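Undergrad: For the protein sequence lines, the chains are E and F, in the order given.
In this text, residue positions in the first sequence follow our numbering: the first is 1, and each later residue adds one.
In this text, residue positions in the second sequence follow our numbering: the first is 1, and each later residue adds one.
In short, the hints are calculated from the structure, not lab data.
Hints are not guaranteed to be accurate.
What the hints assert, rightly or not - Over the 10 Å line for every Cβ pair with chain F, so calculated as not near, a few chain E residues: (1) S40; (2) D123; (3) A315; (4) S319.
What the hints assert, rightly or not - PhoX-like cross-link-like pairs, simulated, lysine-lysine; straight-line CA separation at most 25 Å: (5) F:K116 with E:K301; (6) F:K76 with E:K165; (7) F:K144 with F:K76; (8) E:K193 with E:K80; (9) E:K241 with E:K193; (10) F:K150 with E:K50; (11) E:K165 with E:K211; (12) F:K116 with E:K80; (13) E:K301 with F:K150; (14) E:K50 with F:K116; (15) F:K150 with E:K80.
All figures in this text were calculated on a predicted structure; none of them were measured in a lab.
Yeah, the Cβ is synthetic: ideal placement off N, Cα and C, and Gly gets one too.
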Amino acid sequence: MSPIDASSIQLNEEGRLKHFLTTEGLSREILTEILDTANSFISTQERSVKTVPLLRGKTVVNLFFENSTRTRSTFELAAKRLSANILNLDIARSATSKGETLMDTLWNLESMYSDMFVVRHADSGAAHFIAQHITPNVAVINAGDGRHAHPTQAMLDMLTIRREKGAFENLTVAIVGDILHSRVARSQIYALKTLGATDIRVIGPNTLIPKDIESLGVRAFNNMQQGLKGADVVIMLRLQKERMETALLPSESEYYRLFGLSTDKLAYANSDAIVMHPGPINRGVEIESAVADGAQSVILKQVSNGIPMRMAVMAMAMSGQTTTRQEEV
Amino acid sequence: MSLPQPEQLLEEMASQLQSQYMQNNEDILMVGIHSGGAWVAQELHKRLKLKSELGFLDISFYRDDFTQKGLNPQVKGSQLTNIENKTIFLVDDVIMSGRTIRAAMNELFDYGRPNKIVLACLLDTGKRELPIQADVVGEVMNLKAHERIKLSGPSPLVLSLASLSTEGQEA
């Protein structure tokens, strides 16, 4: 499905993570190690002193070619809680708008001795491109590229699912909404498959479901009642308003009537199903307020889990940059 | 070389802690360093009949060799209650370079300000790289350069000797 094969450049010669670009192609062992590491960072987040000294003296650059306040802030907090120095670059408003090429921007940042780039870009494959052309020993984390991948979001969702539901085997997970344009859905599907979820479903109008989606081993539904039946996890995706303008959808109210997660529709899922959403949520567009704020909602837990997850990925990628790993003290 | 029995060392440590550090009704909290130190701490906690809950430290996020060796994939996480103004009995299995203890003390201070830290180790094998000494030691052993002692457990606790040329290990 994805033409971007990042699996080979994400790992160092010892098979350890050195960039984090996509969940696709990573082994169950690596994904589980990411989850375990994030889980152990959770305990540090509950202390009065929330920082640990792992990345002390390292420089992390938040390279956001596309705006995203929440993702950028959680990466910033994660870097700070690892004791790294962080530089936020709002590229959308600076160099590239003055005509500088991506490579020139990169070379300039490398000249400032950066150790890690966190990249958000509207084009699929941007983080991958940067990882291929970057100086050795600089780690690249994908914070969302076009329609391709959003691996840290997917992994914080996996962490949330694991903490709420335990093992992934025998879980029925339904992803609802604009699957076609969603990098989050794609990254979630790869992670869920690898971690052992056996029943993964996507639900949405045909215009928003990729034609070849079932080749990923998921089942597609156009009907909430059928798709949600027996679900343990319901993941709602944000409906981007610009989709309406391109005539992929008739109207907001029509969409909400058919695919919005109301209390009534949630009742089709298992009674202990959890409701997730990567945010920002559009109340009354894809989710009813009573559901978003209800007892089954774990949306704010997802936000909390975002910080330890990003700490884990940053720490692992930074440590994977070191060339030789010795076992002796 | 014959290795000591952990049981005897534990008795010795418990009696030293009892006589030297538990006479003034202090507010004591015992903290074991994962993995070996946690096992030793569990035994000492039982023997000393401490009422406060046993705490655990995982120093993976505080190691000074992170940039050379990377993150330990088997991080267990730390579990500590309030340490403010407590007397901490910090427990490890083997003290060697002293780096683990340095990391553990750095981590402890991120939880609060203890009144006092008493360091208790099952074995002291010398080879210190930092000016850190244990207050209570089960036994002092001098190892050859390539030798390392390993504690396996939690039950039974068994000490074994390993050679670095055949098997690398952490201490």
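Undergrad: K193 of chain E and K80 of chain E were given as a pair; does the straight-line alpha-carbon distance stay at or below 25 Å?
TA: The given pair, whose Cα atoms are some 32 Å apart, is violated under the 25 Å limit.
Undergrad: Quick one, are K144 of chain F and K76 of chain F close enough, alpha carbons at most 25 Å?
TA: 31 Å, violated
Undergrad: Below or equal to 25 Å on CA atoms is what counts here, so check K150 of chain F against K80 of chain E.
TA: This hinted pair is violated, its Cα atoms lying about 36 Å apart.
Undergrad: Does the alpha-carbon distance linking K76 of chain F and K165 of chain E stay inside the 25 Å limit?
TA: 20 Å, holds
Undergrad: Checking the smallest CB distance to chain F, is D123 of chain E really beyond 10 Å?
TA: 31 Å, holds
Undergrad: Under the criterion that the straight-line Cα-Cα distance not exceed 25 Å, is the pair K150 of chain F, K50 of chain E satisfied?
TA: Roughly 32 Å between the alpha carbons, so the hint for K150 of chain F and K50 of chain E is violated.
Undergrad: Between K241 of chain E and K193 of chain E, does the CA-CA distance stay at or below 25 Å?
TA: 30 Å, violated
Undergrad: Below or equal to 25 Å on CA atoms is what counts here, so check K301 of chain E against K150 of chain F.
TA: Outside the cut-off at roughly 40 Å; violated.
Undergrad: With 10 Å as the threshold, tell me whether S40 of chain E passes as away from chain F on beta-carbon distances.
TA: Per Cβ check, S40 of chain E is inside 10 Å of chain F; nearest 4 Å; violated.
Undergrad: If you draw a straight line from the CA of K116 of chain F to the CA of K301 of chain E, is it 25 Å or shorter?
TA: The given pair, whose Cα atoms are some 37 Å apart, is violated under the 25 Å limit.
Undergrad: If you draw a straight line from the CA of K116 of chain F to the CA of K80 of chain E, is it 25 Å or shorter?
TA: Not satisfied, since the Cα-Cα distance of roughly 29 Å exceeds 25 Å.
Undergrad: Just checking, S319 of chain E versus chain F, shortest CB gap more than 10 Å?
TA: 3 Å, violated
Checked against the numbered hints given earlier, this structure breaks hints 1, 3, 4, 5, 7, 8, 9, 10, 11, 12, 13, 15; the rest are met.
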